Structure formats: structure tokens, C-alpha cells
Amino acid sequence: MSSNDQAQDGTAIESAVGELTKASARLSEAQARVSSAQGEVRQASDAVLGQLRRLRRESNHEIGAGLLNVVRHLYWHQTSIQSRDIAEAAGFGVGNKGIHGMLAAIGPIMSGILCTGCGAELVCTSRSWVPGSPPRCPTCVSEENEERNRRSRLLSKRARAIGSALVAERVRDWRAITTLILAYPPAANGVIRGSQDDHQLGVWSNWEKAQTLHNALLQLGAGDDESFGVPAAVARDLVATGFQSAGWDSERTRQLLDPITAEAAHAILTRAKRDLDTAVEAAVAQARERYRDGSEAEPAAVWPWDNDSLYLWHQMIND
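Numbering (my numbering), first residue to last: 1 to 319.
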């Protein structure tokens, strides 16, 4: 780099540093002015609060209409004075108790903002009040919440009715499906109860459903060719888990099913899946017809799944 270039660079740096020094000086001056103005505001606020205390003393410590008008103006229009200071000076008490008492006495003001639902002007209830997005009045909010709750109740009833629809298969087929699932407990595959995989996939829950159905079939003592209905919400999980279990070890699967049936596991599960889809399709139509506005009685629970969390068939029950 030549000496001329070095000299030019030095001049540029000196100029930039000079501009920074001037800007810093201007900032310091502005901060000093702001600090001075803040001090003036504090002094003026103290003077106003002093006058408010004087008015209170002159009214024999009674909070009459005249004093309330002053307090109302100070609270809503002189926001540089703290709410607690106004409440205390006017005799409403200290802290939040005083602020709440003052707000109850002076009342709200109109905000100038219109409700996007009904067009009514919204009421501003405190300095910290902000309108919703979009702005809604309490009446519209209440109506919207009621409609949301009504819709939720409606979908819940439809979901329970659909989940409780019975999927009828032969006892032999249910025995085959539950036997496959119980032969591969989640612990054998490294799934810890309560783990993230357990919560996301419901593996322990599905295994326990298979165990519950297996025990129910034993207690029932029904013949292998008799039909037994399982709620669709449970059948769905059992069939899905059955497919997973059948795919782990084909030779082991055949050994497990030999004492029960000569039919292939895939054939049993495919038939159960088809019957499940048919039962759900019919249940969806019936649920939509029966549960129209959410005010109807809850569907009856089906033993032994009363406490089971039924699957919400959202894609099928939404209108």
C-alpha cells in the first residue's frame, strides 16, 4: 500500500470517528433532556396527587361525584401518573385492592373500537385493556364460545357412538389376533411404558386391550365359530397392532396360529379390517343422523371398554 493510500485511509477513519463523537454527544444531550423532562413530569404528577389529597380532605374524606370526576380524568387521560398512586391519594386504599376499588367506582370508558361481530362499540375496562383479534364484544365472545362448546359436544357424542359400534368377528379370529399381539409384548421390543414411543404409538395400551379381550373370550366360553362384537375404537387398534405383530416373524406367526386356525394371519386381519371399515361407515351415517345439535343424551358405553379413550374419527364426523 502506498503512502498516499495510507493517508487517505487515515483521513477516512478520522472522519468516521469524528462523526461518531458528534452523534454520541447529541445522544447524551437528548438523554439529558429526557431525564430532565421525566423529572418535570414526576414533579407535576406529585403536585397533581397533592391537589387530589387536598380535595379529599376538603370533602371530609368522602369520595363524592366531584372527586370521582377528577379521579376518572386522571386515570383515563393522565397515564403518566401510576394507577396505584391515584387510588391511594383518592382514598381507595393501597395496592391492587385500591386499584380495583377505584376502577369499580369510576367505571369503564368507550374505546372507539367496534365489534367485528355485531358492530357494537367495545368498552375499555382498564388501562391495560386491549381488544381481541379480531375485536369482539363480550356478547359475541360468549355466543362463539357456546357454539364452539356445542360443536365439541356434538363431535364427542358422534365419536363415542362411532367408536362404540361393534365389529363382529368369529371368536376364533379374535383369539388369533390377540394371541399374535400378546406374543410380542412391547417390553420385548424395547418400548418402555410411558416413553415417547409408547405415548405416540399407544403400544402398551394396545397390548393391554388385547389382553383384556383375550381374558373376556376365555370367560365367555363361546365356541370358536360364534360371533363376538368388539367396539370399533378398540378393533381399530387391535387390527393395526395385529398386522405389526404378524409381520415380525412369519414362521413364528404360523406356529402361534396353528393351535387356533389353519387360516393365514394376513387373511384374518384383512377380513377384520374390511369389516371394521364397513361398521365404521355405517356408524358414521347413523351418528350424523342421530346427533345433530349436541343436546342429545350421551351414547351408552359398551363393556368392557367403558374407561377406554375412544378414537375420535375427526375426518368422518365433521360435516
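Please note: incorrect hints may appear among the correct ones.
Listed next, the in silico EDC-like pairs over lysine to aspartate or glutamate satisfying Cα-Cα at most 20 angstroms (straight line) [what the hints assert, rightly or not]:
#  : residue 1 : residue 2
1  : K157      : E147
2  : K273      : D225
3  : K157      : E62
4  : K273      : E289
5  : K157      : E263
6  : K273      : E263
7  : K157      : E88
8  : K157      : E281
9  : K157      : E146
10 : K97       : E62
11 : K97       : E40
Using C-beta positions, here's what the derived DEER-type ranges look like [stated by the list, open to error]:
#  : residue 1 : residue 2 : range
12 : G247      : R292      : 41 to 47 angstroms
13 : N69       : E19       : 33 to 39 angstroms
14 : G247      : P131      : 29 to 35 angstroms
Hints are computed from structural coordinates only; laboratory data are not their basis.
Note that the structure is predicted; figures quoted are calculated from it, not measured.
Built from N, CA and C at the ideal position, the CB exists for glycine as well.
Quick rundown of the hints versus the structure:
{"no.": "1", "hint": "K157 x E147", "verdict": "15 angstroms, holds"}
{"no.": "2", "hint": "K273 x D225", "verdict": "18 angstroms, holds"}
{"no.": "3", "hint": "K157 x E62", "verdict": "58 angstroms, violated"}
{"no.": "4", "hint": "K273 x E289", "verdict": "24 angstroms, violated"}
{"no.": "5", "hint": "K157 x E263", "verdict": "38 angstroms, violated"}
{"no.": "6", "hint": "K273 x E263", "verdict": "16 angstroms, holds"}
{"no.": "7", "hint": "K157 x E88", "verdict": "54 angstroms, violated"}
{"no.": "8", "hint": "K157 x E281", "verdict": "16 angstroms, holds"}
{"no.": "9", "hint": "K157 x E146", "verdict": "16 angstroms, holds"}
{"no.": "10", "hint": "K97 x E62", "verdict": "18 angstroms, holds"}
{"no.": "11", "hint": "K97 x E40", "verdict": "29 angstroms, violated"}
{"no.": "12", "hint": "G247 x R292: 41 to 47 angstroms", "verdict": "42 angstroms, holds"}
{"no.": "13", "hint": "N69 x E19: 33 to 39 angstroms", "verdict": "53 angstroms, violated"}
{"no.": "14", "hint": "G247 x P131: 29 to 35 angstroms", "verdict": "56 angstroms, violated"}
Hint compliance for this structure: hints 3, 4, 5, 7, 11, 13 and 14 are broken, all remaining hints hold.
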